[in-house]
Amino acid sequence: MNKKLIAALALALLYGCGTEPAKEEPKAGVEERTPGAVQPPAAQPPAATRPVAPTRVEANPLKDPNNILSKRSIFYDFDSDVIKEEFRPMLQAHGKYLSQNKSAKMLIQGNCDERGSREYNLALGQRRAEGVKRMLMLMGATESQVEPVSLGEEKPRCEDKTDSCYSQNRRSDMLYGGEY
Amino acid sequence: MKRALQIIAAWLLVLAGAAQAQLTIEITGGGADQIPIAVLRFAGENVLPASLTDVSEADLARSGRFRAQYAGGVQPLPTDPSQVNFSQWKSRNTDALVIGQAARLADGRFEARFHLLDVPKQASLGGVVFTFNAAQVRTTAHRIADFIYEKMTGERGVASTRIAYVVKQGTRFELQIADADGQGAQVALASREPIISPGWSPDGARLAYVSFESKKPVVYVHSLTTGQRHVVANFKGSNSAPAWAPDGKQLAVVLSREGGSQLFLINADGSNVRRLMTTSGIDTEPYFSPDGQRIYFTSDRGGSPQIYQIPVSGGEASRITFDGGYNVTPRVSPDGKTLAFVTRREGRFQLAVMDLASRQMQVLTDTQRDESPSFAPNGRMILYATELGGRGVLAATSPDGRVKQRLTVKAADVREPAWGPFLAN
Numbered sequence: 000m001n002k003k004l005i006a007a008l009a010l011a012l013l014y015g016c017g018t019e020p021a022k023e024e025p026k027a028g029v030e031e032r033t034p035g036a037v038q039p040p041a042a043q044p045p046a047a048t049r050p051v052a053p054t055r056v057e058a059n060p061l062k063d064p065n066n067i068l069s070k071r072s073i074f075y076d077f078d079s080d081v082i083k084e085e086f087r088p089m090l091q092a093h094g095k096y097l098s099q100n101k102s103a104k105m106l107i108q109g110n111c112d113e114r115g116s117r118e119y120n121l122a123l124g125q126r127r128a129e130g131v132k133r134m135l136m137l138m139g140a141t142e143s144q145v146e147p148v149s150l151g152e153e154k155p156r157c158e159d160k161t162d163s164c165y166s167q168n169r170r171s172d173m174l175y176g177g178e179y
Numbered sequence: 000m001k002r003a004l005q006i007i008a009a010w011l012l013v014l015a016g017a018a019q020a021q022l023t024i025e026i027t028g029g030g031a032d033q034i035p036i037a038v039l040r041f042a043g044e045n046v047l048p049a050s051l052t053d054v055s056e057a058d059l060a061r062s063g064r065f066r067a068q069y070a071g072g073v074q075p076l077p078t079d080p081s082q083v084n085f086s087q088w089k090s091r092n093t094d095a096l097v098i099g100q101a102a103r104l105a106d107g108r109f110e111a112r113f114h115l116l117d118v119p120k121q122a123s124l125g126g127v128v129f130t131f132n133a134a135q136v137r138t139t140a141h142r143i144a145d146f147i148y149e150k151m152t153g154e155r156g157v158a159s160t161r162i163a164y165v166v167k168q169g170t171r172f173e174l175q176i177a178d179a180d181g182q183g184a185q186v187a188l189a190s191r192e193p194i195i196s197p198g199w200s201p202d203g204a205r206l207a208y209v210s211f212e213s214k215k216p217v218v219y220v221h222s223l224t225t226g227q228r229h230v231v232a233n234f235k236g237s238n239s240a241p242a243w244a245p246d247g248k249q250l251a252v253v254l255s256r257e258g259g260s261q262l263f264l265i266n267a268d269g270s271n272v273r274r275l276m277t278t279s280g281i282d283t284e285p286y287f288s289p290d291g292q293r294i295y296f297t298s299d300r301g302g303s304p305q306i307y308q309i310p311v312s313g314g315e316a317s318r319i320t321f322d323g324g325y326n327v328t329p330r331v332s333p334d335g336k337t338l339a340f341v342t343r344r345e346g347r348f349q350l351a352v353m354d355l356a357s358r359q360m361q362v363l364t365d366t367q368r369d370e371s372p373s374f375a376p377n378g379r380m381i382l383y384a385t386e387l388g389g390r391g392v393l394a395a396t397s398p399d400g401r402v403k404q405r406l407t408v409k410a411a412d413v414r415e416p417a418w419g420p421f422l423a424n
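Protein chains in written order, with numbering that gives the first Met the number 0: chain P, 0 to 179; chain F, 0 to 424.
Just chain P, with the same shape it has in the complex:
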């Protein structure tokens, strides 16, 4: 229960991140940026047109915070690579996008919390990323479009040694070409 809440919260944060691109400054490429955060400056509309207008027509759907495609993270239970029901609509949308945009490429990065062996965690992260890949392919993505990789426990989003932190670190992130 708790975990779901946290996951939802983390998603909300992510979402919030996307709506305020002005606050983002690239920090030395150390932290894995949340997908909303890797926006190239070009995607930002000129300051004058920025007011809260969800009616931007030409907005890139991948960057539009109101579009489900701007959501890129899947969170997992401890020691699990099961994709929970709440993430399925998002994955469906990405699978559909990939099938309709054959030139689009995606890197799926699987992550783990820090407990246990680094190399075994790397393998667990790989299993998570491959699970995402399989689901995207069911939705129409092709093999050549998606590359599942693992960052293991090496790129935590949150560095405290608490359960809520760990639950943010057990995740897969989807990055489109140009975002990594």
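One thing to keep in mind: the hints can contain errors.
Once the Cα atoms are required to be at most 27 Å apart in a straight line, the calculated DSSO-like pairs of lysine-lysine come out as [as the list claims (entries may be wrong)]:
| # | chain 1 | residue 1 | chain 2 | residue 2 |
| --- | --- | --- | --- | --- |
| 1 | F | K214 | P | K101 |
| 2 | F | K150 | F | K120 |
| 3 | P | K160 | F | K214 |
| 4 | P | K83 | F | K214 |
| 5 | F | K235 | P | K154 |
| 6 | P | K154 | F | K409 |
| 7 | P | K104 | F | K235 |
| 8 | F | K235 | P | K95 |
| 9 | F | K167 | P | K160 |
| 10 | F | K167 | P | K154 |
| 11 | P | K160 | F | K409 |
| 12 | F | K214 | P | K95 |
| 13 | F | K150 | P | K101 |
| 14 | F | K214 | P | K104 |
Label-pair restraints from in silico Cβ distances [claimed, not checked]:
| # | chain 1 | residue 1 | chain 2 | residue 2 | range |
| --- | --- | --- | --- | --- | --- |
| 15 | P | C164 | F | A189 | 25 to 33 Å |
| 16 | F | V73 | P | D159 | 33 to 41 Å |
| 17 | F | A189 | P | K95 | 38 to 46 Å |
| 18 | F | A423 | P | K83 | 52 to 60 Å |
| 19 | F | N132 | P | C164 | 47 to 55 Å |
| 20 | P | S163 | F | G313 | 40 to 48 Å |
| 21 | F | G301 | P | G176 | 36 to 44 Å |
| 22 | P | D162 | F | G314 | 38 to 46 Å |
| 23 | F | T225 | P | E84 | 34 to 42 Å |
| 24 | F | T278 | P | S163 | 28 to 36 Å |
| 25 | P | D159 | F | E149 | 43 to 51 Å |
Since the hints were made in silico from the structure, they are not lab data.
Nothing here was measured: the structure is a model prediction, and the numbers come from that model.
By construction, the Cβ of each residue, glycine as well, lies at the ideal position given by its N, Cα and C atoms.
Chain P is already provided as a structure; the job is to place chain F on it using the hints.
Only chain F this time, still in chain P's reference frame:
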């Protein structure tokens, strides 16, 4: 006493802004049946830029096989066995006595000659003359310690070997190489992305490791002599867990290019990739037996991560660990008889060893987060990573758990240790 001084000296170096944060070693447990040894200062040692005997004595004490006795107050310092008052040392129960002298040579280099004496037999066990420059004082001291160690125990010492490890300081990752006593650290690679799983080539000239600098794990081999490196495995998906074969020509790696994390063999130049076996689960953390005939690895094919072995030529994998639900990171001792690994007990990750003949298992630590065990090349110590006060530190223990040490770097996380091989003489 001497040791305390050394630790303080190491500290001063750090405060003085030395280029490298040095590892500081703290001995937290002692072995049984230690050989009482007295290492006298060498006559004329003060001409050297640093003490030889302090370093040699610390090396011997750290090995866990020796107990360094008080060796001060002797005047004049003997330089020849004929000048030694053996009955005085006998009464102190000293087994081994080290005497010597040092001098500056006309060309500016230095010379040290020493004798190792068997006190009960009142006989010399031999000695060596070393010629060295100012930068080689520590190296010379380590060689003296190894000479003494081998004469007294019949086994090779590891004072002259090196260790590799990763230091995380803020957002910076450094792959460092240091002497086995943690001193003289050098940076082999600095990166803003993680570096894991360093492994020494059998000749000690190269390191294989995994770097995340291209946003995914890629396996490199890095020459320590030239500083050059090359990609060994950068296939679609993840590339990780490099392990050198004893011949130094090939590595076992984990690749996900065909789906799942699976074991492959690959030549050190990245050619001739071949799959070792096919399973539906995770196979990772390969490690060669010393004879190169078998590979130990971690697999969850049975539902939980356990240690298995498989012949390199292929065939059936057999399960090694059955006790507990999480046994990972197998590392075989140099004699092939003992397996070091990490086991989870009530949520704690602890270093354990197993006698491969009897399959008897022993947990060696009472810490929470042990990782990455690595045997010294003489099999007498196991170096591993653990956590102390929320920070990564290195620790070492003898395989019987009696000798214990901790190696820390101030204000940094240290992890992923790998003990290098013996160097050719």
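Hint-by-hint comparison with the structure:
no., hint, result
1, F:K214 <-> P:K101, "holds (23 Å)"
2, F:K150 <-> F:K120, "holds (14 Å)"
3, P:K160 <-> F:K214, "holds (24 Å)"
4, P:K83 <-> F:K214, "holds (26 Å)"
5, F:K235 <-> P:K154, "holds (20 Å)"
6, P:K154 <-> F:K409, "holds (23 Å)"
7, P:K104 <-> F:K235, "holds (13 Å)"
8, F:K235 <-> P:K95, "holds (23 Å)"
9, F:K167 <-> P:K160, "holds (17 Å)"
10, F:K167 <-> P:K154, "holds (12 Å)"
11, P:K160 <-> F:K409, "holds (20 Å)"
12, F:K214 <-> P:K95, "holds (25 Å)"
13, F:K150 <-> P:K101, "violated (70 Å)"
14, F:K214 <-> P:K104, "holds (15 Å)"
15, P:C164 <-> F:A189: 25 to 33 Å, "holds (27 Å)"
16, F:V73 <-> P:D159: 33 to 41 Å, "violated (56 Å)"
17, F:A189 <-> P:K95: 38 to 46 Å, "holds (43 Å)"
18, F:A423 <-> P:K83: 52 to 60 Å, "holds (56 Å)"
19, F:N132 <-> P:C164: 47 to 55 Å, "holds (51 Å)"
20, P:S163 <-> F:G313: 40 to 48 Å, "holds (46 Å)"
21, F:G301 <-> P:G176: 36 to 44 Å, "holds (39 Å)"
22, P:D162 <-> F:G314: 38 to 46 Å, "holds (43 Å)"
23, F:T225 <-> P:E84: 34 to 42 Å, "violated (54 Å)"
24, F:T278 <-> P:S163: 28 to 36 Å, "holds (35 Å)"
25, P:D159 <-> F:E149: 43 to 51 Å, "holds (48 Å)"
Consistency with the previously given hints fails for numbers 13, 16, 23, ordered from lowest to highest.
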